[in-house]
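Read top to bottom, the protein sequences are chains A and B.
Our numbering applies: residue 1 is where the first sequence begins, and numbers increase by one.
Our numbering applies: residue 1001 is where the second sequence begins, and numbers increase by one.
Certain hints may be false.
[Said to hold, decoys possible] Quick list of the computed label-pair ranges, beta carbon to beta carbon: (1) A:Val166 / B:Ile1135: 37 to 45 Å; (2) B:Ala1200 / A:Leu132: 52 to 60 Å; (3) A:Leu34 / B:Lys1311: 36 to 44 Å; (4) A:Leu132 / B:Gln1202: 50 to 58 Å; (5) A:Leu34 / B:Ala1200: 37 to 45 Å; (6) A:Pro281 / B:Ser1168: 22 to 30 Å; (7) B:Gly1339 / A:Ile295: 54 to 62 Å.
[Unchecked claim] Straight line, CA to CA, 30 Å or less: simulated DSSO-like cross-link-like pairs of lysine-lysine: (8) B:Lys1190 / A:Lys293; (9) A:Lys293 / B:Lys1366; (10) A:Lys293 / B:Lys1274; (11) B:Lys1027 / A:Lys293.
The hints are simulated quantities; they were obtained by calculation from the structure and are not laboratory data.
We put the beta carbon where it would ideally sit given N, CA and C, even for glycine.
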Amino acid sequence: MKGLLALPQWLWAQLRHEVLVLPSRSFVFFAALLLLVLPLFYDDPYVLRIITMTAIFAIFAASWDLLAGFTGQVNFGHALFFGVGAYTSALLSHHLGWIPWITVPLGAVLSMATGFLVGIPCLRLRGSYLSLATLAFPLILTGMLFAFPDFSGGELGISGLKRLVVSTVGNYYVAVLPMLILCFGIWKIGDSNTGLIFHAIREDEVACRASGINTTRYKLLAFALSGLFAGLSGALYAHFMRVAGPSALEVALSFQVVIWGIFGGIATIYGPVLAVFLLYPLTEILANFDMFKEIRLLIFAVIVLLVLLFMPQGLTPWIRDKIELVCPRCKNRNVFTRHQCRLCGAELR
Amino acid sequence: MSRKLLLPAVAAIGLVFSQAVWSQNIKFAILGPMAFVQGENHWAGAEMARDEINKAGGISVGGKKHMVEILKIDTNEIQSVPDATNAIERAITRDKADFLIGGFRSEAVLAMQEVAMDNKKLFLGVGAAASKLGINVEQNYERYKYWFRASPTKDVDLAKTLFAVMGSVAQQIRTDLKKEVPKVAIVAEKTAWTEGLIKAAQANLPKMKMEVVGLWQPSAVATDVTAELSAIKRAEADIVFTIISGPLGIVLGRQMGELQLPAVAWGINVEAQKDGFWQATAGKGNYVSTLDTYAEVESTPKTIPFVKAFKARFKKSPIYTAATYDAIFSLKQVIEQTGTIDAEKLIPAIEKMEYVGTGAIVTYDKRHDLNWAVGKTSGIAVEWQDGEKVPFWPPQTKGMKPFKLPKH
């Protein structure tokens, strides 16, 4: 009996002392909870579809942040990984008849391998040269797909794919659950020793090498991990949409993820995720109002520009700095209403 | 009844009444990229159909008249495929559309088709030509039977039309220029969709007693093709077979005129279908010809009145996506015939239907594609002659004018 009670007690203690003490963590916790229970009391297929798509793109945005935000390898061709995941899963499903539960993970694995392979030539490049080089990769893959239309479906892609589950609510959970787990996992990677090295590579790669760290290995690891998560999101996208086409490799998608990343705040993981949850449904919400239908993309652009103008670090760091204070002694965060640090007791202001 | 109760009671009755009237409308969701010319024509065609039907009292369903309501659904499909699927989901589940009409970009329409089929909604395609849409119906009838391609004909049939007109142009060259084997230069923009047509042209033209002198594939956004055209001039081509959907069509037309190329351009040139082509080429686009859908000729008895009314209302000629007009009227025909808006009962009626539209005489095959026939669904061919877009094919259609060759 005592053992049975130990787990809930531990969970409650963690929740009380690690999550509910900070507004940002509380927000993420309750938002995740809301996402998990939403279909139980609101099952509008249109809303569930938008959130499903948002969840898929949130994984994609978080994967970009791991590579570009944490490691500083700013990728302008991130749609490559998304497309590789989508096409691998679609082609295996279409040509071999394999079920999506097998092809989706395989799509992610091949995308991880692609990340590793793409990372090799990119090791020699830095800054804007790296970004421009990465821009070329999805274009090359698109050209290859068009060169073999009988195999790849050419301009139309592969359509009529099977879904992982049939029901709308089922599809919702197929996207939302992996999103919550993977985004938490990516955030933990960023918070780990490996994440610290990623940070160090971004800040000063030479110093990092001088400290005895094999930066080549870590940069390749960042490419591979980023490819894995982006590939999984691409594969989920293909089976949710039931189509994997050249639009999964479009330059527009690569830039879209950069916008999400910068809008939300890079090197945060939760920033790009929140950005997707704000920006992706925004255009849909605007489409529901006649007066905004025609100018919704303009409104979208104005909002992004205003945020970047007044919050150059991105939305989430700006909000976080308003609602939380960093302890000058122990560097831990506290809710802005506190006068003393919750951990070391130092004066906060 | 006290005054206090009177107002809410009247309001409630009014609300109930307005709900009843509202629910009597038959809703057609018009799906298209509304910021682009294709979507504008989707909507314009639908507006004309709505106004004409409602002016005549609406659609009779089992003896009861229902007004037509059209919903403008911007799919943004040219820029985003997910936007298109979200839009069609919204039209079905939020706006409660009874019928879906439109679509343009094939990849997006394939994705939208899946959403429509999931919801068992009748979807009349007006804009996408990819064969795959119809193949789906043949391969899995129970799932995809709700799809019909109302316009244009599928890509394979478009090719049939292209070669049929090519044969006619070549024959005129043989007769007028005494050249038994006309020379053809293929100019296709460097995009994926042109590949199939290029292969078909290279295979079929020699069989049609024409010589292919070369293939040129400039970029879809090239701003100068004088090098290609100079080479074509040196090769003494009589026909420039164009496979162009983008602004390259204007560049080609203008520079053919500037170089005084003694050849006609025939094929697909979407820019040449537009009224502004002559101005865009600075008056140099003579002898450029292209496939088209509408002109003031008697493709059907309804064509001329429709084109005139469209021009009068919108101050421009309709393009092929304005066939939403025909899609709505064809549905009106089967709804009145069957007395229902139930998709399951309408499908067999649509499969058997013959509908005389404004641009085609519509009958469907087993893939729910239009049956292709010259003069019925093949569309028309037009040639720019001294600033006017002149229809010249099929020659048996009333109102067609002679095709002109450049001076040699």
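Violated hints, by number in ascending order, as checked against the structure
1, 2, 3, 4, 5, 6, 7, 8, 9
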